[in-house]
Every structure is written in C-alpha cells, then in structure tokens.
Amino acid sequence: MAGAAAGGPNLAVLDALDSARTQMYHMKAIVIAGMGFFTDAYDLFCISTVSKLLGRLYYPYENMDYSTLKNSKPGTLPVSINNMVVGVALVGTLMGQLVFGYFGDKLGRKRVYGITLVLMAACAIASGLSFGSSARAVIGTLCFFRFWLGFGIGGDYPLSATIMSEYSNKKTRGAFIAAVFAMQGVGIIFAGLVSMIVSGLLLHYNHAPSFSDAIKNDPNHDPIASAQKPAADYMWRIVLMIGAFPALATFYWRMKMPETARYTALIEGNAKQAASDMEKVMDVEIQAEQEKLARYKAANDYPLLSAEFARRHGMHLIGTATTWFLLDIAFYSQNLTQKDIFPVMKLTSAAKDVNALTEVFQISKAMFLVALLGTFPGYWVTVALIDKMGRYLIQLLGFFMMSVFMLIMGVMYENLKDHNHALFALFYALTFFFANFGPNSTTFVLPAELFPTRVRSTCHAISAASGKAGAIVAAYGVQSLTLKGDVKHIRKALIILSITNLLGFFFTFLVPETMGRSLEEISGEDANVGTGPGAVPAGAPGMGAARDVSRDDKMPVSSTEWQSSMHA
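When the letters of the sequence shown are read in order and numbered with UniProt numbering, they come out as residues 1 to 568.
Note that these hints are calculated values from the structure, not bench results.
Some clues are possibly wrong.
[As the list claims (entries may be wrong)] Derived CB-CB ranges, DEER-like: (1) Met241 x Leu372: 17 to 25 Å; (2) Val411 x Arg136: 40 to 48 Å; (3) Asp222 x Leu107: 50 to 58 Å.
[What the hints assert, rightly or not] The list that follows gives simulated cross-link-like pairs (lysine to aspartate or glutamate, EDC-like), each with its CA atoms no further than 16 Å apart: (4) Lys492 x Glu414; (5) Lys346 x Glu414; (6) Lys110 x Glu268; (7) Lys106 x Glu268; (8) Lys488 x Asp418; (9) Lys73 x Asp213.
We treat Cβ as the ideally placed atom computed from N, Cα and C, and that holds for glycine.
When you get a sec, could you build the whole thing from the sequences and use the hints?
Structure below.
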C-alpha cells in the first residue's frame, strides 16, 4: 500500500483525497449522485410535456370562443392554475434546499441523503395517483404531491454537490461535479422521450378527431371527443409515476456510501474514522493526525452568521446566489415555456388542428430534439473543459452568449416567426447550449467549492434556493407573458431575459476562480492559523506559517489570472 504522510498545513487524509488518481469510487460516486439529478430533472420538466393535456382534460371549455370557434385555444390552463401546476414543485424545491442543506451540515451528508430519495420516489408515484371527482380536486392533490416532490428534489442539490466535491481530487474536481449535474440534461431528454413513447403508444390505439373536427361534428360544439379520455388521463399519470424508478434504483447504493472524509474529520472531529473510511475506498494508508485535527478545527471555528464569515466569504455568497438567481430566471423560462414557443418555430401543429395525445406527442418530440441537440451537448462540453478553461471564464462566456441570442430573438421575433423558422430554432437551441456550457453548470459547481466544510452544504443550499427563487419568477412571471402566445408579450419576455443574462454576466465578477486548488486552500481553512476565533499561534507544530488566504492579495479573481499564476 502506498502511504499518505503528513506534511503541510492540511490533514493527510485531505491531501490524499486531493492528490488521488481517478479511481472506481469516483465513478461510482458520479453515478450514484448523478442518478439523483437525472430524477430531479425528469420530475421537474416532465410536467411541461403534459400541462396542456391537463388543460384539455380538466378545463376543456376555458378558452372556447363560441363566437369565432377558430380563435379557441385548447389546452391552455387558466393562468393561475398553470402557474400552480408548474411552479408548486419549484416552491417545494426552494424550501427543500434550505432545510436539507442545513441538516447536511448538522447531521451529515450521508444521513439525510437517503431521505431525499425516498421522498422523491413516494411523491412521484403519489402525483400520478392524484385523485378526485372534479378538476379542482385532481389539480389540488397533484399540486400537493408535487410540492413535496420538489421538497425532496431540493435536498438533492446541496447534498449531491457537496458529496461529490468532498470526494474529488483537486485536478478533476470541476469535471466530476459538472458530470453529476450533466445528468440533468439526460433527465430532460428522458422526460421528452418517455412522454413521446407513452403518448405514441396510447395514440396508436385511441384514434380521435382533432379539436376543430370535434367541434364541427358535435351539434353542441363540444370538443370533448378530441380529449381522448380515459387514455389521455392514464398517459399523464404514467409519465409522472415513472419518475420514481431511477430514484429507487440507486437507494441501496446511496446508503452504502461512507460519509465524506471532510465531514467526518472537520465537523465530527474524528480523524481516525475519516482515515479508515478513505483507506477502504482508496487503497492507501493514511495517517489519522487527531492532534493536528484539533488545532485545525480551532483555527476555523466561526459560524455562518458571524462577522468573520461575512469578511471572508460574504461577497462570494452574494456572487453565487445572485448569479444562480439570474440564470434560473432565463433557464426555467426557456424550459417551462417551450410548449408555447414550439408552434412559432413550426415544431408543433396549431393546438386546434390536433387531438390531445397528438399534441403531447408533438410537444414531447420537440422537447426531446431541442434537449438532445442543444441542451445535452452543452453539459458535456462543460465537463470536458471546466478544468482547462476554469469556471469563471465559462460562466462569463455563457451569460454573454445567452444575452446576445435572446436579444436577437426578441428584436427580430416577428421576422423569425414568419420567415425564418430554422434560424429561430437555431438561435433557441444555442441559448440552451450556452446556458449549459455556461452558468447553468458553473453556478452548481462554484458553491460546492468556495465555502468552508462546516457550512458548505448550507451555503450551496442558499445559492441553489436563490436559483429556485429565479425559477419561481420564471414560472409565475415570465410564463404568464408567453402562455397565450401573444407576439408582443413573447417579444417582451425575450428582451427581459436578455437583460437578466447581462446582469448575470456582471455579477460573475464577484466570484473567484477555484480551478486547480484544494477545497481547504480555496476556503482558507488550511491557512487560517492566527487569524480566526480559537486560533493557535503562528508556526505551531504541524500547522505551517500563519496566512489568511481570504485576504491574500495574490488570490486570483479570474480564470485567466489563475491560469497565468499557475504557469508563472
């Protein structure tokens, strides 16, 4: 066995993690955490494929124009109902992030990790079983279960990011965390694919007239024949319940994962257990260093709500929270309003020209293709380049390009809508690409690296919850502009989102580069001797010279500066 000996200010077990070659336990951690994100994305975005179906089934007369039947808009839920169906899971996610993020620091990453999966699986199944004899009852129970589904999903954000960052080596940490998050792209693809397959199968055995034909053929102009009951009612329930299976498939492996060495050592104070856990997975002998750990903990003993934290990390937290908030306004607006934009690109037929299941099939197919060709590649380009370009540069580039493409679409909307459908689709796909090869990935990675171990999960949760606040703005605000398909309002929404992305570009300057450094070096934990509460004297045995990294004038503030400092 190779040995990991003590040396510098950091603990041997943490040095061993930082310098470890990529091993099977890294891959297992990516898959286990990544399947949680696959489930998260599937559960959050599959609702976009079926929300118009809910409108046809439970509110069939809501947008009927009996004076001019051709102006009827089937499948359009009442604005308040639509916002509740789509947005309630996001509200639950925000609350779950804060609650589980806090307990991840207080009780342990592993201890609360399994709870999130159980909650997600149970509520995904319950969402599909939403019951009641009236539209109000069905939608009410659906919203209730999707809130708690979101609550479980929320816990996965800080816990998965924190666990992966604390397991990773410093050379490829960005790629590992980004790979976990990239499973969100796979989840979005499967949300479209599963909806497409289920609707296609049911459509094959349940033929029905289009909305327009149903109105013409019925003496009372009743469109209900185009709703394809009960097959359509089974369809959306099946799609929602399928989201439970990926979560259940990885539950056993989540429970088998050891607690992260950083939590065991730096929060629980058990260096021997941390060394023992990592010896098993890394096949390396590690020195426990219990005495050194006691001095290490004393030098970093300041809570989240303290002047010391505000001085060291306050601007970092503002930076990660604001950029994630601004990003999610744009990102969730894109995803949640796809169903309203697709007809403009001619990716789907006009709602009145198709029946219920055909509309779902077309929306799902369009969502699948946009995710496969635009969304998915961006995630994996980030995985490939994040430890070469750095987080900072990728985030700046992504925000800038999103702003440019959304501004072009907003300014040229009528021309693109009427004469350049292919160009419109290209610009739309490129905004997805640069969201994911950009801030959608980096805003997830950075909060998992910037903050001290004892508050890492909580700070990631605060940043992620800020993002979900942005998503709620998208669901309840921006989506209200696009719901009716009005040209003027869609154009206005795109220009607003362009400005939002530009703000994200400027707030990125509050966030430093983290590439190539250990978590303790980034947060200053390995060099806080003599500066923090409970500090030991400078030069104490085994602790190295006193230096506060958070005050270091040489700490890089950009990707290019950090790379140049590495090659100096």
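Hint check:
1. Distance hint for Met241 and Leu372: a CB-CB separation of about 24 Å, consistent with the stated range 17 to 25 Å.
2. Range check, Val411 to Arg136: about 42 Å between beta-carbon atoms, so the 40 to 48 Å window is met.
3. Restraint check, Asp222 to Leu107: a C-beta distance of roughly 56 Å satisfies the suggested window 50 to 58 Å.
4. Among the hinted pairs, Lys492 with Glu414 is consistent with the structure: their alpha-carbon atoms are about 12 Å apart, no more than 16 Å.
5. Between the alpha carbons of Lys346 and Glu414 the distance comes to roughly 14 Å, so the proposed pair stays at or under 16 Å and holds.
6. Simply put, Lys110 and Glu268 have alpha-carbon atoms about 13 Å apart, close enough for the 16 Å limit, and the pair holds.
7. A distance of roughly 10 Å separates the Cα atoms of Lys106 and Glu268; the hinted pair therefore holds under the 16 Å criterion.
8. The hinted pair formed by Lys488 and Asp418 meets the criterion: a straight-line CA distance of about 14 Å does not exceed 16 Å.
9. Proximity of Lys73 to Asp213 is assessed by CA-CA distance (about 14 Å); at most 16 Å being required, the pair is judged to hold.
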